[in-house]
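**Q** Model the placement of chain B on the given structure of chain A, informed by the hints.
There are 2 protein chains.
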Amino acid sequence: MKGRAPGVAGRLGPGPEFDRLRTIFARLGRAGRGLGDDAALVRVGGTTLAASVDLSLEGVHFRTRWLSFGEIGRRAAGAALSDLAASGARPLAVLASVGLPARPRRTRLDPGAEIMAGVGRAARAAGAAVVGGDLVRSRRYLVDVCVLGIATRPVGRRGARPGDGLWITGVLGGSGRALRVLRAGGRPRGALWRRFAEPEPRLTEGRWLASHGVHAMIDISDGLAADAAHVAAASGVALEIDLGLLPCWPGVPARAAAASGEEYELLAALPARFGTREAGAFLRATGVPLTRIGRCVVGAGVRLTHGGRLVSAPRGFDHFAVR
Amino acid sequence: MKGRAPGVAGRLGPGPEFDRLRTIFARLGRAGRGLGDDAALVRVGGTTLAASVDLSLEGVHFRTRWLSFGEIGRRAAGAALSDLAASGARPLAVLASVGLPARPRRTRLDPGAEIMAGVGRAARAAGAAVVGGDLVRSRRYLVDVCVLGIATRPVGRRGARPGDGLWITGVLGGSGRALRVLRAGGRPRGALWRRFAEPEPRLTEGRWLASHGVHAMIDISDGLAADAAHVAAASGVALEIDLGLLPCWPGVPARAAAASGEEYELLAALPARFGTREAGAFLRATGVPLTRIGRCVVGAGVRLTHGGRLVSAPRGFDHFAVR
Chain A
0 MKGRAPGVAG RLGPGPEFDR LRTIFARLGR AGRGLGDDAA LVRVGGTTLA
50 ASVDLSLEGV HFRTRWLSFG EIGRRAAGAA LSDLAASGAR PLAVLASVGL
100 PARPRRTRLD PGAEIMAGVG RAARAAGAAV VGGDLVRSRR YLVDVCVLGI
150 ATRPVGRRGA RPGDGLWITG VLGGSGRALR VLRAGGRPRG ALWRRFAEPE
200 PRLTEGRWLA SHGVHAMIDI SDGLAADAAH VAAASGVALE IDLGLLPCWP
250 GVPARAAAAS GEEYELLAAL PARFGTREAG AFLRATGVPL TRIGRCVVGA
300 GVRLTHGGRL VSAPRGFDHF AVR
Chain B
0 MKGRAPGVAG RLGPGPEFDR LRTIFARLGR AGRGLGDDAA LVRVGGTTLA
50 ASVDLSLEGV HFRTRWLSFG EIGRRAAGAA LSDLAASGAR PLAVLASVGL
100 PARPRRTRLD PGAEIMAGVG RAARAAGAAV VGGDLVRSRR YLVDVCVLGI
150 ATRPVGRRGA RPGDGLWITG VLGGSGRALR VLRAGGRPRG ALWRRFAEPE
200 PRLTEGRWLA SHGVHAMIDI SDGLAADAAH VAAASGVALE IDLGLLPCWP
250 GVPARAAAAS GEEYELLAAL PARFGTREAG AFLRATGVPL TRIGRCVVGA
300 GVRLTHGGRL VSAPRGFDHF AVR
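Protein sequences appear in the order of chains A and B.
Sequential numbering of the first sequence, starting at 0, is according to numbering that gives the first Met the number 0.
Sequential numbering of the second sequence, starting at 0, is according to numbering that gives the first Met the number 0.
No lab work stands behind these hints, which were simulated from the structure alone.
Note that the structure is a prediction, hence the values are computed from the model and not measured.
A few of these clues could be false.
As the list claims (entries may be wrong) - Interface residues of chain B toward chain A, partial, derived using beta-carbon atoms under 7 Å:
no., residue
1, A39
2, V52
3, D109
4, M115
5, V130
6, D143
7, G235
Claimed, not checked - Not close to chain A: a few residues of chain B, all C-beta gaps over 12 Å, as computed:
no., residue
8, A128
9, R138
10, A190
11, E277
12, R291
13, V296
14, A299
15, H305
What the hints assert, rightly or not - From the structure, some residues in chain A lie toward chain B, with a derived Cβ separation under 8 Å:
no., residue
16, V41
17, S51
18, G132
19, R136
We put the CB at the ideal spot given by N, CA and C, even for glycine.
Okay, chain A solo, but in the shape it has when bound (with noise of 0.2 Å):
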């Protein structure tokens, strides 16, 4: 989840994005309490209510000359919907603000209610209801999504603990590989259009791995190097990753795929008795891979190998990074 920030001051990944967040949240004081984490943790009567918000913008996160309308819903609503997996919460209620043009562009559709579809489908697909909402008028498309789901046991980024094995869902890279061709002027096709345009949250994924022990967790929406990075902040320990064992897209190098940013994987720290025979059961109930890239250890930062020699991080996405 892109600008989420745990609510001590300094212990936040580097970067021009992070230091401004630790301005915001070190003003905020007494209010900000309980700040964190890739869905916030809200006690509700007997109950953990996660809840999270996620904004798309338009000439940001997606251009309406790339997507359908109702592919941009849907893939908004995926992303913020990635936030509970990443806490291992059950979806339950989707709000979504919409901002949109005054006079539609030409098109067969009204955008707003293409886009409220596309929500209202990923909000189907993932359990939830969409409750509410709000239709502003505005110069650029834009989607802000509020995703609220149960948190049996919450899983956050801070409690990855040295001697911890690091694990990833699925595979890395299909969506910056799909990004690369569109920004050569090609189009995408089959899975890897699929991967970009309707991203699959791992959110049974997630609920497996809050029941089976996982320390710390976070999805993959920056880049694994970048999104390691803030596990290892707010857990206080060093993440290992050897970038050998990274499953990648396939044609996609592994240093590519760590950069590789709106993924929506899940990076596990898992405590070290856990093994292949898990990952088998993890395969078997979920259909999904997940594989040890690494581990924690004493420490601070993220350290990648690659073929036993030390690597420099790739880029992940900072929206406030000049570039």
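**A** Frame of chain A; chain B shown alone:
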């Protein structure tokens, strides 16, 4: 609340924004069950959670030359909290998505931090915590606030019955007056400025009314006449309002007060037995006046009178109207 709509398509007030909403909610179909009222109601364990989102955009809802960044955040959160007030809910948690330009304009303070601090001030004043947020680079400033609350006695728009009295909290017209002064290049002062820049959601007032048998409630965000039309449509009754009874901001004519948006007062349909004695108890409990301005009758729509004569409805605030 702008753009909020009941689950049953067709139960909306008139206007192009609502034509769009009809299409949208019709498309949501099954996943959109429960849509309606100022806040959505979601059962969580044994508790009823009230949830609402409210999107504020630069150039539509605020201008950075009129308001400080702190005021922008506080005002956006106040608007969202007002939806909880109209639902009779007690605020619990706030999440905010903020969009802001990559390079802060020449200012001593970080605009993002200022906006979030303003959100935090409104949350704190309402007894809620800021639990999450998202931060995204954007061409123009935007703040989308999601509020969560507990509704012990949830109130909606659709419970008004023929014979009910229509009551309004506080006085109307200050927000519109301040806007006129600003648009003319002036600077509202004192109470008028606070009315515009620091609207106070009627949370205590909403809960008092909820616990005293209110049948239906709405907060005045689009203007009294427009919001009354939503109650009439949702409840399947006609609303008669006597503009001569309207409590108006000093110097503001009743017709302008009935058109003034972003007032965040509550319009309440109360059983006929509710009278001046009860309004006195409300004033003693909350410090805010409660004035009877009309009644609900069999029929449809809103009927405005002034000095016994029928008057046409003033224009409310409709984002999608061409003007």
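**Q** Confirm or reject each hint.
**A** Taking the hints in turn, this is what the structure says about them:
1. A39: Interface hint status for A39/B: holds (4 Å vs cutoff 7 Å).
2. V52: 5 Å, holds
3. D109: The hint holds - D109/B has a Cβ within 7 Å of chain A, the shortest such distance being about 5 Å.
4. M115: 5 Å, holds
5. V130: 4 Å, holds
6. D143: 4 Å, holds
7. G235: 22 Å, violated
8. A128: 6 Å, violated
9. R138: 7 Å, violated
10. A190: At roughly 26 Å from the nearest Cβ of chain A, A190/B sits farther out than 12 Å, so the non-interface label holds.
11. E277: Since the minimum Cβ distance to chain A is about 31 Å, E277/B lies beyond 12 Å and the statement holds.
12. R291: Holds: least Cβ distance 31 Å, greater than 12 Å.
13. V296: 30 Å, holds
14. A299: Non-interface label stands for A299/B: nearest chain A Cβ at 24 Å, farther than 12 Å.
15. H305: H305/B is indeed farther than 12 Å from all Cβ atoms of chain A, at 31 Å.
16. V41: It holds, given that the least Cβ distance between V41/A and chain B is near 5 Å, below 8 Å.
17. S51: 6 Å, holds
18. G132: Holds - the Cβ of G132/A comes within 8 Å of chain B, reaching about 7 Å at its closest.
19. R136: 4 Å, holds
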